[in-house]
Structures are given as C-alpha cells and as structure tokens.
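> The residues making up each chain are set out below.
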Amino acid sequence: MTQMNMIQALNSAMDVMMARDPGVVLMGEDVGYFGGVFRATEGLQRKYGEHRVLDSPIAEGGIVATAIGMSINGLRPVAEIQFADYIYPAYDQIVSELARIRYRSGGDFCAPVTIRTPCGGGIRGGQTHSQSPEALFAHVSGLKVVMPSNPYDAKGLLIASIEEDDPVIFLEPKRLYNGPFDGDPNKPAVGWNSHARGDVPEGHYRVELGVADIVRPGSKLTIITYGTMVHVCLAAAEKAGVDAEVIDLRSIVPLDVETIVNSVKKTGRCIVAHEATRFAGFGAEILSTVQEECFWHLEAPVLRVAGWDTPYPHAFEWEYFPGQARVIAAIKATMEAS
Amino acid sequence: MMRSRLHVPRPPARPGEKPDFSYVAVSPAGAAARPDPNAPLNETEFLSREMVRVLDDKGRAVGPWNPHLAAADLELGLRHMMLTRAFDDRMHRAQRGGKITFYMKSTGEEAVSVAANMALKPSDMMFPAYRNQGLHIARGLKIVDLMCQLLSNSRDMCKGRQLPVMYHSAESNLFSISGNLATQFPQAVGWAMAAAIKGEDRICSTWLGDGSTAEADFHYALLFAQIYKAPVILNVVNNQWAISTFQTFAGGEGRSFASRGPGYGMPGIRVDGNDFLAVYAVTQWAAERARTGAGPTLIELVTYRAAPHSTSDDPSRYRPKDEEKSWPLGDPIERLQGHLRTLGAWSDEQEQALAKEYEEHVNQAWKEANTYGTLTDGPQLDPETMFQDVFKEQTPNLARQRMQLAQELKERAQK
Numbered sequence: 001m002t003q004m005n006m007i008q009a010l011n012s013a014m015d016v017m018m019a020r021d022p023g024v025v026l027m028g029e030d031v032g033y034f035g036g037v038f039r040a041t042e043g044l045q046r047k048y049g050e051h052r053v054l055d056s057p058i059a060e061g062g063i064v065a066t067a068i069g070m071s072i073n074g075l076r077p078v079a080e081i082q083f084a085d086y087i088y089p090a091y092d093q094i095v096s097e098l099a100r101i102r103y104r105s106g107g108d109f110c111a112p113v114t115i116r117t118p119c120g121g122g123i124r125g126g127q128t129h130s131q132s133p134e135a136l137f138a139h140v141s142g143l144k145v146v147m148p149s150n151p152y153d154a155k156g157l158l159i160a161s162i163e164e165d166d167p168v169i170f171l172e173p174k175r176l177y178n179g180p181f182d183g184d185p186n187k188p189a190v191g192w193n194s195h196a197r198g199d200v201p202e203g204h205y206r207v208e209l210g211v212a213d214i215v216r217p218g219s220k221l222t223i224i225t226y227g228t229m230v231h232v233c234l235a236a237a238e239k240a241g242v243d244a245e246v247i248d249l250r251s252i253v254p255l256d257v258e259t260i261v262n263s264v265k266k267t268g269r270c271i272v273a274h275e276a277t278r279f280a281g282f283g284a285e286i287l288s289t290v291q292e293e294c295f296w297h298l299e300a301p302v303l304r305v306a307g308w309d310t311p312y313p314h315a316f317e318w319e320y321f322p323g324q325a326r327v328i329a330a331i332k333a334t335m336e337a338s
Numbered sequence: 001m002m003r004s005r006l007h008v009p010r011p012p013a014r015p016g017e018k019p020d021f022s023y024v025a026v027s028p029a030g031a032a033a034r035p036d037p038n039a040p041l042n043e044t045e046f047l048s049r050e051m052v053r054v055l056d057d058k059g060r061a062v063g064p065w066n067p068h069l070a071a072a073d074l075e076l077g078l079r080h081m082m083l084t085r086a087f088d089d090r091m092h093r094a095q096r097g098g099k100i101t102f103y104m105k106s107t108g109e110e111a112v113s114v115a116a117n118m119a120l121k122p123s124d125m126m127f128p129a130y131r132n133q134g135l136h137i138a139r140g141l142k143i144v145d146l147m148c149q150l151l152s153n154s155r156d157m158c159k160g161r162q163l164p165v166m167y168h169s170a171e172s173n174l175f176s177i178s179g180n181l182a183t184q185f186p187q188a189v190g191w192a193m194a195a196a197i198k199g200e201d202r203i204c205s206t207w208l209g210d211g212s213t214a215e216a217d218f219h220y221a222l223l224f225a226q227i228y229k230a231p232v233i234l235n236v237v238n239n240q241w242a243i244s245t246f247q248t249f250a251g252g253e254g255r256s257f258a259s260r261g262p263g264y265g266m267p268g269i270r271v272d273g274n275d276f277l278a279v280y281a282v283t284q285w286a287a288e289r290a291r292t293g294a295g296p297t298l299i300e301l302v303t304y305r306a307a308p309h310s311t312s313d314d315p316s317r318y319r320p321k322d323e324e325k326s327w328p329l330g331d332p333i334e335r336l337q338g339h340l341r342t343l344g345a346w347s348d349e350q351e352q353a354l355a356k357e358y359e360e361h362v363n364q365a366w367k368e369a370n371t372y373g374t375l376t377d378g379p380q381l382d383p384e385t386m387f388q389d390v391f392k393e394q395t396p397n398l399a400r401q402r403m404q405l406a407q408e409l410k411e412r413a414q415k
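Here the protein sequences come in this chain order: C and L. For the first sequence, UniProt numbering begins at 1 and goes up steadily by one. For the second sequence, UniProt numbering begins at 1 and goes up steadily by one.
No lab work stands behind these hints, which were simulated from the structure alone. Take these hints with a grain of salt, some might be off.
Unchecked claim - Result set (BS3-like, lysine-lysine): computed pairs, CA atoms no more than 30 angstroms apart in a straight line: (1) L:K121 with L:K142; (2) L:K142 with L:K392; (3) L:K18 with L:K321; (4) C:K47 with L:K198; (5) C:K47 with L:K229; (6) C:K220 with C:K266.
Nothing here was measured: the structure is a model prediction, and the numbers come from that model.
Looking at chain C on its own, in the form it has when it is part of the complex (with noise of 0.2 angstroms):
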C-alpha cells in the first residue's frame, strides 16, 4: 500500500495496465510530453513512448474518433478529454458510433475504449469547467458510465474499466483529486493522506463496474449518490445526527439495483443526490427505481438533492453547489415525514 492522491491513483491505474497490456494506448490533449493539466498522466510519455502516450490536436471529436478506429485494430484506447465540458463535439461519435458498434455489427466489432475526463465543480471553473453530464451518457445504451469518489476505488474502476470490451465514460470528480472534499470551501483543503481510501495498492487490482459500495451503514434512512456528493453526504448524515446508510454507486451504468433495494427496504427512508442539475437527473432514474421496488417499505416521499437547474455561475459557486445544508434539509424532510 502506499498513501496515494486520486491523480497518483489514476496515474497508476494507466502505468500498470500500460506495463501489462501493449495494446493500451493513451491520448488527448497535453496529455503527453507536458503529463496533462491535471497531471494524471505525468511521466507515462517517456516511460512508454511517444507512441502510446499520444498527444491529440485540440479536437475532441477527431480525439473520439481516432480512438474507435484504434480500438476496431485491436489497441485499448484510453482517451482523455481535458475537461467534461469539452466532450460535447464528441457526442455525436460517443452515441452514434462508440456505443453501438457491437450492437449494429451483430457482435462481429467491438470498441474497447475508455474515455476518462474530469467533471463537476468546485474550483470556480465557471460554466464550462464544472459540469457534471453522467445523465448524458447513462441515457445511451451500450456505454458504461463510471464516477469513482476516492483514490482505491478511481484506481480499480479505471483498470476494471480499460479491460472492459465495451466503452467506457469514466467520470472524474476534479475536486476530490486532492482531497477529500466535504463541501465545506470555507474548511482548510485536506489530502488524501488522512483518508482510508487513500491507501492504494501498487500493483494491479480491480474494483467491478456496478457493484455499489455502503460507505456508511445505517438503519434510518439511505442517501444514495456518487462523485464529491459522497463526502459531502457523510458529512451532512453527521451533522444531521442521523442513523444514515450511504451508498456510493460508483457506477451508474450497470447500476446496482439490489443494494439500492435492499438498503430502502432496510430504512423506508431515502434521499438521492447529486452535483448535477436535478431536472431529468440521474437521480430521477434512481428514484424512480425505489418507488417501483420499494414502494410498500416507503414511509416518506423520496426526496433528490442536486444542482439547480441553471449553468454552473463562476461567482455563485457556492449557492449553486449541493452543499451539506441542502442535504440536511432533505434530510430533515425525509425524516419528519411521516
């Protein structure tokens, strides 16, 4: 084990599959020669060469593109696009083309590629460097859609997820590649040093897609929710002095109905939250998925926390967030209910 920041963790995710696995090529801007602006591929250019660490004209969609087209010959193309905003000329090659390959070639292709990119805000990054578009993705069949919340967990999904024969969108909370973060920016930061999630093994290892994880056990009620809302999820079941079990997905699509189910069933109480706009949300999927199983264990409307439907504002960062007050409202609202 060594203490290891999201950033470290995903770094070692590509150098251990990259050292097993020669097919698997990364590309993207500035991912290259200069690591990438987060650095989550620092050092792996000269480690493998200038052929498997590709940097990629300022061209999200040719990017895409050149990545299936590796992957129909054989490589496991690992993409970056530098911020999920950018992804958006892509689309068009990620539903049209990524997803349904496999589908439309009656299984005869396949486009093993991963496609990894920093999402959601709370680095003043404004409207175009903060959004969160899971929604986006989970609503396409055939791709899977991945959000890790700590630095073991970024780790196995990203090697799970780039040796999956299907694509992947691998969503990566930008806020949380530091440290864990509580939605509190008025707390001084803290690393990933302190946290048990920071402790990430060397080598190789697997943590599955859509297998979700209780991070905290409780009988009273079940938060469901991914990305930063994790911790602030905990910190806000904390503070609420509420007996609640928290559930982080970490993948939405496959979606681990079953412990999403059976954790209602548990409670009759449930609140689901996320750092997107509320509005068609993922959390609507979630939610909708309880009433349907759980609907006779219920004892309270359930109830979704999220961004407001609006752009993310550069100046009110901090109303627009889904800090721990609105999720303590929810909270209260869900506990109150009768």
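Go by the hints and put chain L onto chain C.
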C-alpha cells in the same frame, strides 16, 4: 451604394432545363504527369487541380498513369462492376415490389469501389460509406449474404439491427457501415494509426460523399491523418449530388475537393472516377505512399450519381431528367468494355452471355435469400436477440427487459 449579398449556390440546371456540365474541368486522357509517390507536396499539388485520366475517347489506355493491368485483371474488374450493377438493379426492383424497405444503387459509380479494391491487398482495412457495395462484391462476399442483410432475415449479419445496405464483414476487413455521415472517416484514420503503432504494413482506405465533406469529421480525419502521417487513403466520391444538395453546398464551387488535401499538407488527387484504370492507378500511388511511411492521400473521384439517392428519393424533382446521359465522363462499365474491345479481349457475345449469367445468378441468390426469411414471412429472428450485443455481457437491466418482452410475446401469441 455597395452592399453585401449572400451567394446561394445553385446547380447549373433544374428540371426542364438542359443539362450543363461545363463546370466540370476535364483534362485530356494521359495529360497529367505522374510524380513520384514520395515527391514533396509542391511537386504533387497540381494533381488537385487537374484530372488524372487514362482511358481516352477511343478506349485506349494512355499516359504516365497507365497501370498496364493484364487483360485478365481488367476482365475481373469488369465482371465485378457488372455483377454490382446486376445486383443493384435487382434489389432496386425488389424494393419497388415491397420485398425490402430501402435500397441504394451505385449505378455509374462502380469503378470507384471495384478499381480501388483491386489496387489494395485483401489484408488492407476498409471503412466504406453506404454506396460502396462494389467493395463487398469485389472482396468476394456472397450476393446471398448481402441479400440476407437487406431482408433483415434469420441469416442477416447485422441480426436485423441495421437499415438495408449497412453491411460489414470482419473476415473481409470491411468495417460496419454507420448510416450517420462521415463518422467512418476519422475512425479509419485511427485504425491506420494503430497499424503504424503496432508496426504492421497493413493500410486503411475509407470513402465518403462530396456532401459529407461538410461534416466536421471529414476535417478531423484530414488533420489527424496528416499530423501523424497515418497510412490511410481518404476518398471523396464526388458524385455531384447529396440527395438534392448540389456539391457546391459542400464547397466544391471554387476549389476541387481534392484541393482540401494540400490545405492540410497532403497530396490531393482529382481523378476521373468513371475510368477504371485511372482509379486503380491513383489508389496504387496512394497505397505506395501509405506503405512507405509517406502518409495519407486525399483522392477526389469525380463521378455522377446516375441513380436516385435511395429508393426514398425522386431526383426528377430537383435535376433534369436523364441528366446522366450528358455526363462528360461516361459510364464506367461501358468505358472498360470499350477498352477491352480495343485490346481484342472482349466481344458483344461475351458481354451478352455475362449479363445473362449475372441476371440468373442474382435471381437464384434472391430465391435462396428469401428461403431464410423476410421481414414478414418465413424463418424469423428471435426478437429476444435484440437484447444481445448491447454489451458483451447482458446487464441485469437488459435481462429484466428481455423477460418482460418474452411475457408480452407470450400474451400476444395467446390472443
């Protein structure tokens, strides 16, 4: 007072008007020089403005681009083009008769695919567009297998998931056709980049239409291909029309599509797309560049879409009827037949016999294909297969939906 005015491109002739192809600059056969494939860009740039042609009006092969193909190869090319046309004609009729939902003919564009295939190795990869059926036929896919795809029947390679004509063959190195335009262009570049990364000597070739060059994917493809010098051949099939959109709307008015190549730093060659020998020769030239590490080549194949865009299209509403008869570059099959005749290697009897043979072959294949089912009759795909291949392993969510459908079908059967 000076004012700005929009220039809205228009084709030279509309229905009821006399066809006018004076805008097509045609070089005399044999006139264009043939530079070394590895020559610097400034020595190849003229190729984007002239037109490489080998067959002259008398059916002779002339000039430096003459590939000197053996008569047997020429005959093989002719056979593949004639079979493609016979297949197209039969399938168009099948759609008109309500047997298939949709079809797209390649009439007049057969040389674009068949000659290019002959200049490449079977191990080379292809990312076709939807009007490249000549590739599939020349690569030896069975007509009956193509028909099964058109019928979405129990032997459809796509398991009933794709619109007719979106074939593929992993064994024959033919990638799956998308239906979304131009997406295959940058994918082909990625495939070629991977070949170079792996140190293979295989190359890749891809095709799109003049209209599709307006898509961003076309430009991504040229950029990525050139900066990494990927071993890829990028073909623009300029058949003048994208449904009713004339090629000037994709920017073909002032400059040739081939001239986009030098703009990105790679050679662009404008070629007579109805001249089998010229298409073969420029493909061979581009393949040599790719195989020797010189990088990509953009080829503009100047041709004419003699058929409707698809069976859902009626070109008489936007262009003169029989416009193809005035097309200055003629018909690719007739021109290659003419060449074989000047060589004394082809006769009217042979032509008639072969046309009859292919008509029977296609009819026979159609009968056989129908025995494997149609959309409505005969053997049917199991609807539950629709849940396969979304992912390699079926997710619990999809497994649940599959069971739900099975229940629906059971209840439907009981009614």
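> Work down the list of hints and note, for each, if the structure agrees.
Going through the hints against the structure:
Annotation: proposed proximity of K121 (chain L) to K142 (chain L) holds, straight-line Cα distance about 19 angstroms (limit 30 angstroms). Proximity of K142 (chain L) to K392 (chain L) is assessed by CA-CA distance (about 28 angstroms); at most 30 angstroms being required, the pair is judged to hold. Restraint check for K18 (chain L) and K321 (chain L): satisfied, since their Cα atoms lie roughly 9 angstroms apart, inside the 30 angstroms limit. As the CA atoms of K47 (chain C) and K198 (chain L) are separated by approximately 17 angstroms, the hinted pair is consistent with the 30 angstroms bound.
Annotation: proposed proximity of K47 (chain C) to K229 (chain L) holds, straight-line Cα distance about 23 angstroms (limit 30 angstroms). For the hint linking K220 (chain C) to K266 (chain C), the alpha-carbon distance of about 8 angstroms falls within 30 angstroms, and the restraint holds.
In this structure, every one of the numbered hints holds.
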